[in-house]
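**Q** Residue numbers (UniProt numbering), protein chains in the order written: chain A, 1 to 262; chain B, 1 to 262; chain C, 1 to 262.
Read the hints as simulated data drawn from the structure, not as lab findings.
As the structure is a prediction and not an experimental result, all values here were calculated from the model.
Treat each hint with caution, since some may be false.
Note: identical chains are not told apart, hence a pair may lie in one copy or across any two.
In the DSSO-like style, the derived pairs of lysine-lysine whose C-alpha atoms are separated by at most 30 Å in a straight line are [to be verified]:
| id | residue 1 | residue 2 |
| --- | --- | --- |
| 1 | Lys183 | Lys8 |
| 2 | Lys170 | Lys110 |
| 3 | Lys183 | Lys43 |
| 4 | Lys253 | Lys77 |
| 5 | Lys183 | Lys81 |
| 6 | Lys253 | Lys8 |
| 7 | Lys110 | Lys254 |
| 8 | Lys176 | Lys43 |
| 9 | Lys253 | Lys162 |
| 10 | Lys81 | Lys253 |
| 11 | Lys8 | Lys162 |
| 12 | Lys170 | Lys253 |
| 13 | Lys81 | Lys176 |
| 14 | Lys8 | Lys254 |
| 15 | Lys77 | Lys43 |
| 16 | Lys170 | Lys43 |
| 17 | Lys162 | Lys43 |
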Amino acid sequence: MHYLELVKERAPLIHNITNQVVMNVTANGLYALGASPLMAHEKEEMDDIINISDALVLNIGTITEPVFQAMQVAGRKAQEKGIPIVLDPVGVGASNYRMRVVTHLLETLKISFIRGNAAEIMTLVSLKQAGKGVEGDIDTDVGTIARAFYRRYRIPVVVTGKEDMIYSGKTLYRLKNGSPILKQVTGTGCLLTSVIAAFLAVADDDHYIEAAAEAVSFYTVASEVAAERSELPGSFQMHFIDCLATLSISEWKKQAVIEVSS
Amino acid sequence: MHYLELVKERAPLIHNITNQVVMNVTANGLYALGASPLMAHEKEEMDDIINISDALVLNIGTITEPVFQAMQVAGRKAQEKGIPIVLDPVGVGASNYRMRVVTHLLETLKISFIRGNAAEIMTLVSLKQAGKGVEGDIDTDVGTIARAFYRRYRIPVVVTGKEDMIYSGKTLYRLKNGSPILKQVTGTGCLLTSVIAAFLAVADDDHYIEAAAEAVSFYTVASEVAAERSELPGSFQMHFIDCLATLSISEWKKQAVIEVSS
Amino acid sequence: MHYLELVKERAPLIHNITNQVVMNVTANGLYALGASPLMAHEKEEMDDIINISDALVLNIGTITEPVFQAMQVAGRKAQEKGIPIVLDPVGVGASNYRMRVVTHLLETLKISFIRGNAAEIMTLVSLKQAGKGVEGDIDTDVGTIARAFYRRYRIPVVVTGKEDMIYSGKTLYRLKNGSPILKQVTGTGCLLTSVIAAFLAVADDDHYIEAAAEAVSFYTVASEVAAERSELPGSFQMHFIDCLATLSISEWKKQAVIEVSS
Numbered sequence: 001m002h003y004l005e006l007v008k009e010r011a012p013l014i015h016n017i018t019n020q021v022v023m024n025v026t027a028n029g030l031y032a033l034g035a036s037p038l039m040a041h042e043k044e045e046m047d048d049i050i051n052i053s054d055a056l057v058l059n060i061g062t063i064t065e066p067v068f069q070a071m072q073v074a075g076r077k078a079q080e081k082g083i084p085i086v087l088d089p090v091g092v093g094a095s096n097y098r099m100r101v102v103t104h105l106l107e108t109l110k111i112s113f114i115r116g117n118a119a120e121i122m123t124l125v126s127l128k129q130a131g132k133g134v135e136g137d138i139d140t141d142v143g144t145i146a147r148a149f150y151r152r153y154r155i156p157v158v159v160t161g162k163e164d165m166i167y168s169g170k171t172l173y174r175l176k177n178g179s180p181i182l183k184q185v186t187g188t189g190c191l192l193t194s195v196i197a198a199f200l201a202v203a204d205d206d207h208y209i210e211a212a213a214e215a216v217s218f219y220t221v222a223s224e225v226a227a228e229r230s231e232l233p234g235s236f237q238m239h240f241i242d243c244l245a246t247l248s249i250s251e252w253k254k255q256a257v258i259e260v261s262s
Numbered sequence: 001m002h003y004l005e006l007v008k009e010r011a012p013l014i015h016n017i018t019n020q021v022v023m024n025v026t027a028n029g030l031y032a033l034g035a036s037p038l039m040a041h042e043k044e045e046m047d048d049i050i051n052i053s054d055a056l057v058l059n060i061g062t063i064t065e066p067v068f069q070a071m072q073v074a075g076r077k078a079q080e081k082g083i084p085i086v087l088d089p090v091g092v093g094a095s096n097y098r099m100r101v102v103t104h105l106l107e108t109l110k111i112s113f114i115r116g117n118a119a120e121i122m123t124l125v126s127l128k129q130a131g132k133g134v135e136g137d138i139d140t141d142v143g144t145i146a147r148a149f150y151r152r153y154r155i156p157v158v159v160t161g162k163e164d165m166i167y168s169g170k171t172l173y174r175l176k177n178g179s180p181i182l183k184q185v186t187g188t189g190c191l192l193t194s195v196i197a198a199f200l201a202v203a204d205d206d207h208y209i210e211a212a213a214e215a216v217s218f219y220t221v222a223s224e225v226a227a228e229r230s231e232l233p234g235s236f237q238m239h240f241i242d243c244l245a246t247l248s249i250s251e252w253k254k255q256a257v258i259e260v261s262s
Numbered sequence: 001m002h003y004l005e006l007v008k009e010r011a012p013l014i015h016n017i018t019n020q021v022v023m024n025v026t027a028n029g030l031y032a033l034g035a036s037p038l039m040a041h042e043k044e045e046m047d048d049i050i051n052i053s054d055a056l057v058l059n060i061g062t063i064t065e066p067v068f069q070a071m072q073v074a075g076r077k078a079q080e081k082g083i084p085i086v087l088d089p090v091g092v093g094a095s096n097y098r099m100r101v102v103t104h105l106l107e108t109l110k111i112s113f114i115r116g117n118a119a120e121i122m123t124l125v126s127l128k129q130a131g132k133g134v135e136g137d138i139d140t141d142v143g144t145i146a147r148a149f150y151r152r153y154r155i156p157v158v159v160t161g162k163e164d165m166i167y168s169g170k171t172l173y174r175l176k177n178g179s180p181i182l183k184q185v186t187g188t189g190c191l192l193t194s195v196i197a198a199f200l201a202v203a204d205d206d207h208y209i210e211a212a213a214e215a216v217s218f219y220t221v222a223s224e225v226a227a228e229r230s231e232l233p234g235s236f237q238m239h240f241i242d243c244l245a246t247l248s249i250s251e252w253k254k255q256a257v258i259e260v261s262s
């Protein structure tokens, strides 16, 4: 059975401590997939919220001190409970504050997966600010960046870009789908992070990498199908949510291009 | 004259202290209807804001301590001024913190109407957590839940679900419209709460229940018309806003199914 | 070369300290235009963020104390660095708190441009609350309001309404484009403020007024093209983002109506 089917069957509750720009599209994207979104960031309720959650997303896009504190409480509890924690280091190169937040989370929590673009992951490897803002292409091969990140932190990593790389120490997945329009629509990276969390939520610990690969593959193929309907950013955003809800496993698999190497 | 016409004529200012996931769609939905949305949550300005507002919405979806404090100031002032206060206990079963927040608001303010799904209202009746996250179906008949809530709190209640129940101690309205797609789009419950507030804003105190029934009926019929255009969540969201703006009273009334019993 | 082309070529990073209602549409609108959006409001990181930014937007729509503090840090740093600062006094007439926030920003920072509707700018001129909430038409001629504002504060101003006025002490630009539907969709004023910031980011200081005029003209013509596709608010919002991405300079210039007087 595919992880996608398990998501639709079990409707895992994904708790997103995420940024204010993408909350709406994240909730709608998770619903479209069949998962249940939850957003909360009052420290006081984090323990209870994690108690009913099946995965935790930590996204630093508009991080503030109170939200960082909520992340730490939620992270500790999620780790204790054994549910997956997925980290999105949005724009980590934009400030020393973000760098401190992300390295603290990486060092104190057992992060199941990190998902970032090449500039973000590169910044974490080199520990110096690279790239402006929240996007940015990098010349270095993304596979090299993924390996370097893993070597340093021993945390499984998804690096998204023209090609998407997934690495957790053994197998390197190189995924070749995805419309370039994704880069022109805000929140598409953040939503992918939450979609990965939904797939991990229905997978066993020792199959997280396969679940993450399926999540990225499904998501990027859906973006290609949506882009066939419209290549304009406003319309694309609408069609993309539709496609996340309707893309069948057979259509997805027909279009998916995944290379696996060690 | 219908309350909907009064909303369009008077454009009541609806002050929403609401969650970060739905602010945009709430503002657009209220505009589509002809009302004026306002969102603010700095405690310092709550008195002034209520001074110019025609109704207050308290929605705990992403509640934090500072926002809870703003709600209390705004609530006291709204009660003093005599404008309707509508409460949405989003995901109240998700944490003890939310339960404390909601019961505090219910006990210290004269809430005009509460609007929640069956799981949320059930949680408040039984005072134990029921259902995960912010949605969830419940087996108990929703009419029974509505009556039980009213018996306990003496606060008029809208319980939404496959059928929507409205009860304020005498008449039970059972509304049978609404597309199932509403459940797949985030914020559709929250927006309904704000739409109810807009209808109450133009009604006399002793006709709040009729105004609430008209609000729910109009809203759910609009969802059916939108679903005829598209049953996919991304497209539906767009058409739904369009339909809230354009659905005529005659079209609405033709499709509306309301049963009234005592 | 047009400022629009420079925006597309340089993709200036626009840092928006803005309200929670419009963050998503602001990010998508800036992307559509070719600019790079960034949203952040933790005081701790404001210096670093401004270091990589090309313009700063201060929008008080859902202002709170912590965000106001972040604005002050960011504003001082932006002024020091010499990048444009654009202020949007959303609903300044709604509370004394907002009035204090806006006058503090106007008095302590070198604001490059303020952008508001007639009611908001009028409120700042008369220093008394005018109009309810965040919109509102005013009888006084908007050109008169623009001149009065400049006389008082010596800060260049864009007043939007049926006609849009731009004034910086010498030339009065009167722009006659723009669909009335803009008023029914939340965030269209706020996004314009951010679009003005993007145009200023690629202009020399002594050509800010021309850049602002081009921004308003392009934006309002795009709204007319979008309104030709749909005059319903949900659909319009989608088409508008599409049009911001695709409207060509020749189409824009063909439709633009600008009167210049001294």
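**Q** Would you mind marking each hint as holding or not holding in the structure?
**A** Here is what the structure says about each hint:
1. Proximity of Lys183 to Lys8 under the C-alpha cut-off of 30 Å is found in both arrangements, the shortest distances being 27 Å within a copy and 14 Å between copies.
2. Proximity of Lys170 and Lys110 under a CA criterion of 30 Å is satisfied intra-copy only: 19 Å inside one chain copy versus 55 Å between copies.
3. In this assembly of identical chains, Lys183 and Lys43 lie within 30 Å of each other by CA distance solely across copies; the values are 28 Å between and 33 Å within a copy.
4. In this assembly of identical chains, Lys253 and Lys77 lie within 30 Å of each other by CA distance neither inside one copy nor across copies; the values are 36 Å within and 51 Å between.
5. For a Cα distance limit of 30 Å, the shortest separation of Lys183 from Lys81 across copies, 29 Å, qualifies, whereas the shortest one inside one copy, 35 Å, does not.
6. Proximity of Lys253 and Lys8 under a CA criterion of 30 Å is satisfied intra-copy only: 17 Å inside one chain copy versus 36 Å between copies.
7. When the C-alpha separation of Lys110 and Lys254 is checked against a cutoff of 30 Å, the pair qualifies neither within a copy, at 35 Å, nor between copies, at 57 Å.
8. Within a single copy, Lys176 and Lys43 get their C-alpha atoms no closer than 39 Å, and across copies no closer than 39 Å, so neither meets the 30 Å cut-off.
9. In this assembly of identical chains, Lys253 and Lys162 lie within 30 Å of each other by CA distance solely inside one copy; the values are 19 Å within and 35 Å between copies.
10. In this assembly of identical chains, Lys81 and Lys253 lie within 30 Å of each other by CA distance neither inside one copy nor across copies; the values are 33 Å within and 51 Å between.
11. Proximity of Lys8 to Lys162 under the C-alpha cut-off of 30 Å is found in both arrangements, the shortest distances being 28 Å within a copy and 20 Å between copies.
12. Taking identical chains as interchangeable, the C-alpha atoms of Lys170 and Lys253 lie at most 30 Å apart only when both belong to the same chain, with a minimum of 24 Å there against 57 Å between chains.
13. In this assembly of identical chains, the alpha carbons of Lys81 and Lys176 never lie at most 30 Å apart, being 35 Å within a copy and 41 Å across copies at closest.
14. For a Cα distance limit of 30 Å, the shortest separation of Lys8 from Lys254 inside one copy, 20 Å, qualifies, whereas the shortest one across copies, 36 Å, does not.
15. For the homomeric pair Lys77 and Lys43, the shortest alpha-carbon distances inside one copy (12 Å) and between copies (28 Å) are both at most 30 Å.
16. Taking the closest pair of Cα atoms, Lys170 and Lys43 never come within 30 Å of each other, the shortest separation being 37 Å inside a single copy and 41 Å across copies.
17. Proximity of Lys162 to Lys43 under the C-alpha cut-off of 30 Å is found in neither arrangement, the shortest distances being 37 Å within a copy and 34 Å between copies.
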